Amino acid sequence: MENLLKVKQLKKYFDTPGGTLHAVDDINFSLAAGETLGVVGESGCGKSTLGRVVLHLLESTSGQIWFEGKDITHVSRSELRELRKKMQIIFQDPYASVDPRMTISAVIDEPLRNNGMKSRSEREEKVAELMELIGLAKRFTDYYPHELDGGRRQRAVIARALATNPRFIVCDEPVSALDVSIQAQVINLIMELQEKLRLTYMFISHDLSVVKYVSTHIMVMYLGQTVEYAETGDLFAHPVHPYTQALLSAVPIPKLGAQKQRILLKGEITSPIDPKPGCRFAPRCPRACEQCHQEIPALREVADGHMVACHMV
Amino acid sequence: MSEKETLIEVKDLTVHYVLHSGTSEAVNHISLAMKKGETLGLVGETGAGKTTVALSIMGLLPVPPAQVKSGEIIFEGQDILKLSEKEKKKIRGNKISMIFQDPMTALNPIDRVGDQIAEGIMLHQSVSRKEAMQKACDIMEMVGIPAVRYSEYPHQFSGGMKQRIVIAMALVCNPELLIADEPTTALDVTIQAQVLDMINQLKKKLGTSILLITHDFGVVAEMCERVAVIYAGEIVEAGTLEQIFEFTSHPYTQGLFQSLPSLEDSKAKLIPIPGMMPDPADLPEGCKFADRCPVCEERCRKTLPPLAEMEPEHLVRCFRPLKAK
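Chains as they are written, first to last, in the UniProt record's numbering: chain G, 1 to 313; chain F, 1 to 325.
Fair warning: there could be bad hints in the mix.
[Unchecked claim] The calculated label-pair distances, taken between Cβ atoms and stated as ranges, are:
| hint | chain 1 | residue 1 | chain 2 | residue 2 | range |
| --- | --- | --- | --- | --- | --- |
| 1 | F | L206 | G | E132 | 44 to 50 Å |
| 2 | G | R198 | F | L206 | 38 to 44 Å |
| 3 | F | S84 | G | D15 | 56 to 62 Å |
| 4 | F | M104 | G | N28 | 32 to 38 Å |
| 5 | F | P62 | G | Y95 | 20 to 26 Å |
| 6 | F | E225 | G | H293 | 41 to 47 Å |
| 7 | G | E231 | F | Y153 | 42 to 48 Å |
| 8 | F | N200 | G | N28 | 38 to 44 Å |
| 9 | F | R301 | G | R198 | 56 to 62 Å |
| 10 | F | K205 | G | H146 | 44 to 50 Å |
[Unchecked claim] Going by beta-carbon spacing under 8 Å, a handful of chain F positions derived as facing chain G:
| hint | residue |
| --- | --- |
| 11 | P65 |
| 12 | G160 |
| 13 | T240 |
| 14 | L256 |
[Unchecked claim] Straight line, CA to CA, 25 Å or less: simulated DSS-like cross-link-like pairs of lysine-lysine:
| hint | chain 1 | residue 1 | chain 2 | residue 2 |
| --- | --- | --- | --- | --- |
| 15 | G | K255 | F | K323 |
| 16 | F | K269 | G | K255 |
| 17 | F | K269 | G | K196 |
| 18 | F | K95 | G | K255 |
| 19 | F | K35 | G | K255 |
| 20 | F | K35 | G | K266 |
Read the hints as simulated data drawn from the structure, not as lab findings. Predicted model, so just to flag it, every value in this text is computed and none were measured. Cβ atoms here follow ideal geometry from the backbone N, Cα and C, with glycine treated the same way.
Required output: the full structure, derived from the provided sequences and hints.
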């Protein structure tokens with residue numbers, strides 16, 4: 001299949017008073033149209049920064065990004081404007097990502113107006129069409145965001161993201177702020193839309209069961225780097241990296257007697273500021289050896305399409 | 001096994017928040033009993049009334065706007081709701097203590113963490129400052145924080161460490177009951193695993209009863225012996241862990257289970273619960289879940305089903321329960 005998005009040796013460093021923060025450090029992946037890449041990892045691992053760099057919401061420090069076969073690493077403002085129509089984002093908190101003084105129809109209308117749809121009636125028609133698509137009843141047209149619950153507000157945010165007919169959407173923790181019963185509604189909506197509109201997603205989440213449900217491929221990140229990448233079924237059936245194994249074993253299972261042997265990690269995520277040489281996971285790794293503390297392990301293929309960065313496998 | 005002693009009993013508790021814009025009926029006729037040494041999970045979604053129940057037990061309800069309309073909370077032979085503020089203070093933090101979801105807001109940012117732990121000891125026990133500091137050091141070691149960090153400030157600790165300090169503060173007077181309100185929701189999974197493991201070990205060591213408030217059935221399966229599911233201010237189902245997980249009887253409880261993506265079974269489709277929880281300021285007559293219920297019938301909308309016993313300990317508020325043992 002043709003790659004819609006390809007990222008090569010992508011890096012994003014931030015200068016902080018304490019040193020250089022390696023938020024995204026040498027990430028490579030490609031994503032075919034219609035697929036979903038799930039990005040998982042703990043807070044501070046750089047998954048949101050990665051999403052933002054791909055969308056040019058943050059400028060990359062180095063590396064390359066291709067979209068629809070074109071190098072988009074460096075683009076002009078006008079090119080970026082065209083690009084933004086095709087690449088969109090849905091944020092975690094639907095309370096913070098809409099202007100509280102705009103009605104729902106205005107929220108969805110804004111991207112249409114900004115992208116040159118001049119005729120008012122045409123826009124109104126499109127807003128109604130979008131609201132129907134994401135399952136928001138007509139009566140909410142003139143509501144303000146605070147009058148809607150979290151689930152409906154997130155639907156409005158999704159409608160806004162879809163307004164410019166994008167091909168690629170970064171979903172950054174889109175359901176984390178929602179209650180379980182509402183969460184399931186929004187997940188199903190996101191998946192239905194993918195099928196209907198043939199969307200490609202990068203789905204960022206810390207919730208492994210949600211990521212497993214929506215993704216075709218999964219990338220596990222630790223301190224700015226990929227530690228494991230595989231097809232979803234493969235990753236969950238045969239996790240290879242010690243971090244992935246610990247992460248999977250840490251998830252509480254809502255079933256009686258389902259608790260498997262848990263790998264309890266010692267300590268916490270170390271600082272991404274001026275990281276020490278060697279594997280970033282080594283200080284917490286139950287299997288770390290001398291070599292792990294000195295050399296960064298390269299990401300290599302251990303089985304068909306299954307990549308792992310670890311000296312010990 | 002012999003019947004364990006009852007530690008605390010909430011009877012027919014009703015709490016409303018009376019505001020200019022209307023009355024929010026947060027908790028309606030909730031009854032709960034906890035035995036010594038057990039962990040009870042209180043499960044429900046945002047706005048179901050879980051935290052209001054916890055605050056009532058702690059005597060921390062914001063009055064006004066909160067008003068206790070009915071009920072009593074019996075702890076050690078007396079009704080907590082009738083105690084004076086002075087008497088409540090003797091219990092709070094001493095015999096009953098609470099940990100909150102966000103460890104950052106539960107700590108004083110400009111006070112040393114060790115002193116914050118010692119404060120509780122000095123308040124409730126007649127010990128010298130030196131003894132209190134020693135006790136604080138001991139409990140810090142117990143929750144896995146080196147005592148040498150006594151003089152550090154909250155911002156010098158990570159989220160997981162801060163939550164350990166909050167837990168140390170709550171446990172330092174060896175309470176009979178610990179109320180844990182979403183204690184690990186703000187933490188990463190690997191850290192959550194560490195903290196849950198620690199709470200379980202401390203419980204074994206100290207024999208503390210825990211009222212665990214959560215929305216996560218995974219955490220419940222791991223920590224609790226009994227579960228109460230709460231919806232729109234009412235208990236809709238209660239029972240042992242086995243009864244709730246294996247013999248799920250209320251359509252809402254079942255709906256919650258079906259809304260969870262599974263790590264084990266990738267084929268299972270998510271079945272969301274349609275609609276959303278009714279506004280507590282405008283509750284429907286009859287069953288509160290009727291509007292979203294797949295098996296709802298005429299009488300459900302008119303009459304509130306009683307919380308009926310399906311079998312010993314398994315209570316269900318439904319005219320058409322799904323299955324029984």
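Can you give the numbers of the hints that this structure goes against, from lowest to highest? 1, 2, 9, 11, 13, 18 and 20
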